[in-house]
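Participant: These are the residues of each chain, in order.
Protein chains: 2
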Amino acid sequence: MNDILGDWKRTHYCGRLTAADIGKDVCMMGWVHRRRDHGGLIFIDLRDREGIVQLALDPDRDPEAHSKADKVRSEYVIAIRGQVSPRPEGTVNPKMKTGEVEVEVRELRVLNIAKTPPFMLDEYSDVAENTRLKYRYLDLRRPALQQNLILRHQVTRIAREYLASQDFVEVETPFLTKSTPEGARDYLVPSRVNQGMFYALPQSPQLFKQILMISGFDRYMQIVKCFRDEDLRADRQPEFTQIDCEMSFADREDVMGIMEEMIARIFKETIGAEIALPMARMTYAEALARYGVDNPDLRFDMELVEISDLVRESGFKVFADAVQWGGIVKAMNVKGGASMSRKELDELTEFVKIYGAKGLAWVKVNPDGWQSPITKFFSETELGSINDALKAETGDLLVFVADSFQIANEALGRLRGHLGHKLDLIDKQAYRFVWVTDFPLLEWDGEARRHVAVHHPFTAPMDEDVPLLESDPGKARAKAYDLVLNGSEIGGGSIRIHDSAVQSRMFDLMGIGEEEAATKFGFLLEALQYGAPPHGGIAFGLDRLVMILTGADSIRDVIAFPKTQKATCMMSEAPGPVDEKQLRELSIRSAVRPK
Amino acid sequence: MNDILGDWKRTHYCGRLTAADIGKDVCMMGWVHRRRDHGGLIFIDLRDREGIVQLALDPDRDPEAHSKADKVRSEYVIAIRGQVSPRPEGTVNPKMKTGEVEVEVRELRVLNIAKTPPFMLDEYSDVAENTRLKYRYLDLRRPALQQNLILRHQVTRIAREYLASQDFVEVETPFLTKSTPEGARDYLVPSRVNQGMFYALPQSPQLFKQILMISGFDRYMQIVKCFRDEDLRADRQPEFTQIDCEMSFADREDVMGIMEEMIARIFKETIGAEIALPMARMTYAEALARYGVDNPDLRFDMELVEISDLVRESGFKVFADAVQWGGIVKAMNVKGGASMSRKELDELTEFVKIYGAKGLAWVKVNPDGWQSPITKFFSETELGSINDALKAETGDLLVFVADSFQIANEALGRLRGHLGHKLDLIDKQAYRFVWVTDFPLLEWDGEARRHVAVHHPFTAPMDEDVPLLESDPGKARAKAYDLVLNGSEIGGGSIRIHDSAVQSRMFDLMGIGEEEAATKFGFLLEALQYGAPPHGGIAFGLDRLVMILTGADSIRDVIAFPKTQKATCMMSEAPGPVDEKQLRELSIRSAVRPK
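Residue numbers (the UniProt record's numbering), protein chains in the order written: chain A, 1 to 595; chain B, 1 to 595.
Don't read these hints as lab results, they were simulated from the structure.
Being a predicted model, the structure only gives us computed values, none of them experimental.
Possibly wrong hints are sitting among the right ones.
[Said to hold, decoys possible] These stretches of chain B come out as covered by chain A in the derived footprint (C-beta under 8 Å, 3 or more residues): (1) 59–72; (2) 106–117; (3) 185–191; (4) 237–249; (5) 328–336; (6) 529–539.
For glycine and all other residues, C-beta sits at the position ideal for the given N, C-alpha and C.
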């Protein structure tokens, strides 16, 4: 066929050429990364996805190729034929994969020209993010971004192949689903055929994967886009990707066991990190007691200690009152923190206030005892027992929050995380996983005056806590589990309710009436009556997982075409205005005219 | 942990038990497919995804298990422990994978009860499709449907692994994109943050995959949902899945070569069919000439023959006029068709009228010559030359359509397909692939009075036809290719335009002004200026491919949760009404109240 490339067939990727190829005739294609003239010779760094190789053009040897090379500019697309040769002595570049070789170019073709890019593609160049997003096609030429996306692909391959080896079947669930407003806001899609009706884009395939278990698919997986129309934080996107799994005839340990093996393989095969299995397990109650949060960062110690019992009778009213009113006093020993300045201590106090704490008490442990505004309120015995509880040593800083259980834990738990970074306590090379289990099933929503599901309404209570659904629902624990890595939740799931009576009782407790439940989840309730197996599952956030694996700072660095915090695509300018005709066909009207 | 299954761990899938397992202690879980009592013994067919195994319960040996088994009903979920034993002589069932064995049950647990299903799950039971769709969770228990979806998973695994081995990277493209009304109707998603604006769900990732090539990703693939809000035909769904690919530095043969290898592997590894490579190639012009259509079914011969030159001067005015007015006369020899009744011939005439033909002339070749109403209009020489052209023999039926090029080809081409089925000419075991190439680039839209792209506006013209864009655009051929299997197009693609000047010229020809082009495709036009490599790609329709591989009659039998022709999900009742509050947040109003 008569085509552009004709008999020019690429033989190698630029970045894969090594000394083993010396002497070979090669044909390569790519982008002009840099061109420089050096004593009449022209050198071109030719770039493709796999890396960069040096081309050498000699005006005496190949005058035609040399004269064409003289006219190429940065980002031109060229094809070359030539021979691989060793670089002349002294010019070997050990930092480059291809640094031992260069290609003596015999023929050169310009496949396409290029305007001067609006910014340099050097990896570390400092360009406003909006410019990078507008010219995403250029930004994506940066090796760092490309490598992130290639690693992302590796993650999905490893996950898919491992799960397939464990008999999981990938089944596609629908994108045009029904709106069940519960939790986050749905993205809606007006129906043209059924006017006045709307589809919703799925927030997760939860109902469908449970249906697949009831259908007998036994083990389901899917790597799938999900959607939430929420106001975006820095690390959120309107569409995000989950590694979604569900298993029948499985208890919690079955799910966790398979999934930690998958995660370990991903870490091993992408970045070479060895993850010891089984991963640690910790109950929610223990996580809160020791770390104040349900996503503890185990890369460093500095655990929280509750000292309520030690200060219940103390003369320090702030502590004693907190305990008496049903709150707690929680403390933390910041090893070697006694050297902090007053200004630094004030900053810590401001920090805990973000989380609702009224203040932060502190004590510097000096050689001659406590140095603190609160020393005077405590007896020697109390001082001693607090020191013991916190294993205080000279040079330490002790910090205290007295407040409700929730505020004291969160404020001090967050402060722990903050200090971990600030004091450089964190081993950046470490990957510390922990399964957090036994979450509460329900929490009381004071405003709506009803219970809401902590995980979601289909999560099973722990077997021994089922009676609590009648007597004290808030105390019931769930068969839920989160996988936490270095203080980030990377996945979460649960064993589901497979008994339709228990499911109905859950809806009751959440103030969801029979009619409402039937409208929203009718098919699931009905399906549960036809022989539902015990089942459970989990979903991992792929975006965050890839962020951790690549060390990316922004979620936008692990997604090819991300949206801004205003949910727009700077490159394609989505969302955009639409024709009046399109709206007319849907019988909808927008009250706002686009600018 | 205290969990439902406790120390009951499944050891085998029901359907995987074989004689090699005899003597083993096993634990299995599944659904009661059938239960029967036989002289005091109870036999249960236990079913899971992998198949069915027979359980035997002896009241003397295990009275407790037996008495529990006495109470189970169809579709109950049970777990059993027992020992695998050979079936007693004479009761081996060679039709079942597990037919040599049964499990002597020692312990039985009912994990869940089940109401009586609204229909039997036997594979061939005849249930109204709407009932099946409403109770999709039960319908999906049918082994045939499960096997279809498992095969679908195999297809995606094979495609992904093969393409990865060829250096394709899977990259996720966005679902919330910009509406570019061109071709089919978009599904719209109102934006809350940018009120008055809309996203559109992608009809294909076309623009994004080209951007990825311009970004240097070199080879992209994705198995991805696409969306079209069209009135549904029997074999269409509002959301459908593509195996989507794009390659840089590739000509047509590069794309076709890699893709046919992928398809051959899929056929070999799923259904064991050996596909000879390379697949046949045929130009669009040749396909029309020989088969009247651009998706020829090559499982049988019966080619079309143009006889315009032979009848140009004939006395049969219908033929002569057609040729004179610029049309053609096309004929086909239906071997052995002379035995057709007048009624059958009338049916054929009605058939071609569907495609706009005014009539169908026919000739029965009898031992004593033509038997036909039109015989008298032709000279002996003409009869002879037509017979020769059609290789007519005694017993054959010759059929003729005289009309415009387009109608004559389509009518007779479709009639060929119709007769292939009707006369049972088709080898049902055959898989006949053909690449159809060299499609026209543009076609004239008489109504809109402009050219429209036959493939899409980014398809490159053939190099030697570029001058035709100026002189006679309708004559220009495209670097487009479709893969046709047994008369169905299963994939199609093209080499794309990588030259921004040619791209602009294409928009010109299509009457898309500079401003409109900039609004709709501005970022692609701009990206083309920064060093776009020559590139091309293809997309395969996964749903149709799986239909062919499984022999499914309906697209709904290869999709877990399909929609009806009214684009509704009978199970979840999507689309549905939404809260007023949801619309208020989007500032949109629906003119239609849902019933």
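Participant: Take the hints in turn and mark each one as holding or not.
Facilitator: A quick look at each hint next to the structure:
1. Under a criterion of three residues with beta carbons nearer than 8 Å to beta carbons of chain A, the stated coverage of the segment 59–72 of chain B fails, only 0 such residues being counted.
2. For the segment 106–117 of chain B, the proposed coverage by chain A is satisfied: 6 residues have a C-beta within less than 8 Å of a C-beta in that chain, meeting the threshold of three.
3. Under the rule that three or more residues need a Cβ within less than 8 Å of chain A, the assignment of the segment 185–191 of chain B holds, with 7 such residues.
4. Coverage of the segment 237–249 of chain B by chain A holds. Counting CB-CB distances below 8 Å, 5 residues qualify, and the rule asks for three or more.
5. Remark: the segment 328–336 of chain B is not confirmed as covered by chain A, as 0 of its residues place a Cβ nearer than 8 Å to a Cβ of that chain, below the required three.
6. Counting residues of the segment 529–539 of chain B whose C-beta lies closer than 8 Å to any C-beta of chain A gives 6; at least three are required, and the coverage claim holds.
Hints 1 and 5 from the earlier list are contradicted by this structure; the remaining hints agree with it.
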